[in-house]
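Student: For the record, the sequence lines run as chains A and B.
Numbering-wise (our numbering), the first sequence opens with residue 19 and increments by one.
Numbering-wise (our numbering), the second sequence opens with residue 3 and increments by one.
Each hint should be verified, as a subset may be incorrect.
Using 27 Å as the maximum straight-line C-alpha spacing, the simulated DSSO-like pairs for lysine-lysine come out as follows [as the list claims (entries may be wrong)]: (1) B:LYS150 / A:LYS325; (2) A:LYS325 / B:LYS214; (3) B:LYS129 / A:LYS65; (4) B:LYS192 / A:LYS65; (5) A:LYS65 / B:LYS204; (6) A:LYS65 / B:LYS51; (7) A:LYS328 / B:LYS323; (8) A:LYS65 / B:LYS110; (9) A:LYS319 / B:LYS51; (10) B:LYS214 / A:LYS333; (11) B:LYS314 / A:LYS328; (12) B:LYS192 / B:LYS51; (13) B:LYS215 / A:LYS325; (14) B:LYS314 / A:LYS333; (15) A:LYS333 / B:LYS192; (16) B:LYS215 / A:LYS328; (17) B:LYS320 / A:LYS333; (18) B:LYS232 / A:LYS325; (19) B:LYS51 / A:LYS325; (20) B:LYS51 / A:LYS333; (21) B:LYS192 / A:LYS325; (22) A:LYS325 / B:LYS110; (23) B:LYS110 / A:LYS333; (24) B:LYS215 / A:LYS333; (25) B:LYS320 / A:LYS328; (26) B:LYS58 / A:LYS328.
Listed below are several chain B residues computed to face chain A (Cβ distance under 8 Å; list not exhaustive) [claimed, not checked]: (27) LYS138; (28) ALA147; (29) LYS150; (30) ASP155; (31) VAL179; (32) SER185; (33) ALA201; (34) ARG203; (35) TYR205; (36) PHE298.
Keep in mind the hints are simulated off the structure, nothing from the lab.
Cβ atoms here follow ideal geometry from the backbone N, Cα and C, with glycine treated the same way.
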Amino acid sequence: MEYDSSKLMREFAPQIEKTSKSWYLVFATLLAFFLFGIFGLYTQITKGHVVTGMRDNVVWGVYIVNFIFFMGMSYAGALISGILYLFKSSWRGPVIRMAELITIISLFIGPVFILFCIGRLDRLYYLILFPRIQSPITWDVIAISTDLIGCIIFLYLSFIEDFAKLRDYKELQLPKWRKRLYKYLALGYQETPWQYKIISHTKNIMAAMVIAIAIIVYSVLAWIFGVTLQPGWHSTIFGPYFVIAAVYSGTGMLIVVMWIFRKVYKLEEYITEKHFVNVGVLLLILAAFFGYFTFSDYLTKWYGSIKMDKVLIDKLFTSEYYYMFIASNYLGVLVPIIVVGIKKFRTITNITIAGLITVVSLWFNRYLIVVPTLETPYFPIQDVRSEWLSYSVTWVEMSLILAGISVFCMLFMLASKFVPIISISEMEKHTGETRGLMRD
Amino acid sequence: MAKNEKSKNISRRNFLGTGFLLGAGAITAGGVVLAAGNAIPEISGKKIKLLTQDGKIIEVDETAVLDAEQNLSEKEIRDGIPGRKFVMVVDLSKCKNVRKCISKCQEKHGLQPDQEFMKVLLMQDDKNSAPYWFPKPCYHCDQPACVKVCPVDATYKRHDGIVLIDNERCVGCKFCVAGCPYSARIFHWKEVELPIELANRKYSSETSVPAKKGTVSKCDFCPDQSRQGKLPHCVTACPMGVIYFGDMNEDTVTNGDETIRFTDIIRDRAGYRYLADLGTAPLVYYLPPVNRQFPFESGLESVTDEVKERYKNTEYMKSKKE
């Protein structure tokens, strides 16, 4: 299929120009959740962390789980868009922008969750003022800020051509300041051969760098757990395991996002079953890898059965966390493999459901990494208070999780009003590349 | 013995002395300038005899003696008490869960009843082995897992072996709490309630008082006591003399009544460090619970129901119920 820019602009301009009532309704609902989260945060700051479910043994709860989860999705987005871009996948056009948006949006949300876990936010700048390079948290500060800058540059580069198109599209019905904004953001890009060469070159370099940074950052995140001596955490496999889990959850999220935007903005012509199957196959491969890593990690712990590992494994395999373990590590692996692997099941709806299951089960996978270990210290917890023995989420933590999810959705909604949700320049290039191939 | 026995005696007495004279002597030994000429309020005329570092007895005015802990510089606190290498020995054969160490520690550190620097656990290695009472302070490891992971240098290892927390530096990330394999650390989850005299004290890492909301605390081995030549509160509070505290350099530990050579007791009584295989090199040694002075059950007699309730999930309590 061939696309030219004026047809695409005509197609996508309404998405930016017009905003439906239901859009506002959904946005207002999400905003309400967000404000509820702000109230929860206010409660936590004034009353202290006692309002959370965290206590002296389980000092990290769902905040850290969410932190890993959102960071994971972010790196995954970077990795996917980077790989798709670098390897010039012919079908990347319609999905690459969404992967990029997942990256940048979750990258803004993820680190905020770790802030909720910090006892003294007023001293946060100490991390810069008195850094100790021995601490994995310092590694994280360096890695995440590098990643943030790298991703912003990469994404901005990929937006420039579309900003230029929005600037040049005369019929665009938008207030003057919006048009002027596009003009500034386009940085005078005119698609001259020289400009085109420079921007492609830079994007190639940045795509490669973003892939490398993503692997490093997610490994560092895993090492926060891996370097400790705690049962269940002290594992050499955690670095690559976390990287795979991240890409896996991000791919699942991409499928869900594709499905939603396809429905909402009627993109059936652009995002076809082919795209779902292609991303689905990626999901299947990652599911296999993820399953392999999970199996390998737990097999060695179970087979060796060091005392504390055994206590932890018993909680996961047979008692307290039995159902959660099945939901996250059995369903989360098997469902995508079966749905995508068997041709009969390979429909858009099924693949989307598999994607959703992946995202949810990966959240629980992180929960099972963080919480049960903290509930299983070397010394028995001898306490009468039940909240000291086992962790449970409070309304404050719940409100902040919901706020996080609603900010994720809100930023997506806002982004779709700011740039075409399908990258017009990528679509055009795709056409160009196909033509080039045919000539060869 | 390579060391001169006489000088050894003196320094041991410096350390062990509980009387004020010798206690103040230990302050000089600790390198704190007592009679610094600045800002002495007024001369009372009452003289005190003090022992200097080189063994001379001097006489100074009472008001010239300054409270050591109030006048230590940040560097002095972070360096530790010169020449010391503190060590604790816990004799498990004597502990009968009286819990005086806990209550005294809580009182002196302004802790709530639910906050414990020192814990007494009911331990039983497996269901066929004998249960025993297990006092557990911070182990002040030589390879501290907590210090390694601190991103802002808020927790540190001193030359005298003690691991302390500076709660004016701590950002409350709780990585040290998650990283400590011995569950030694507590977090201040809410506003700290303190008796007025503790709340008004100037903060010092050596006393851990006053604690602050959103930061981490733990057992500090009471270096403020050591600077005054006194023993940690848990040691003096224990009526059974379970806990011995001392100096590895002097090869001496004491529980206040009895003073013994550290290497001898570790050798003769097969002293060990709990979970030492983690490589953390703790400074707290245990003497195994053999030839016990009290039957294990006596540890359940004097305690409240609330305390008994804590042990309900242990193998011992479960088997007792059956």
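Student: For a quick check of understanding: which of the numbered hints are violated here, in increasing order?
Tutor: Hints 2, 3, 6, 9, 10, 12, 13, 15, 16, 18, 19, 20, 21, 22, 23, 24, 26, 33, 34, 35, 36 not satisfied by this model.
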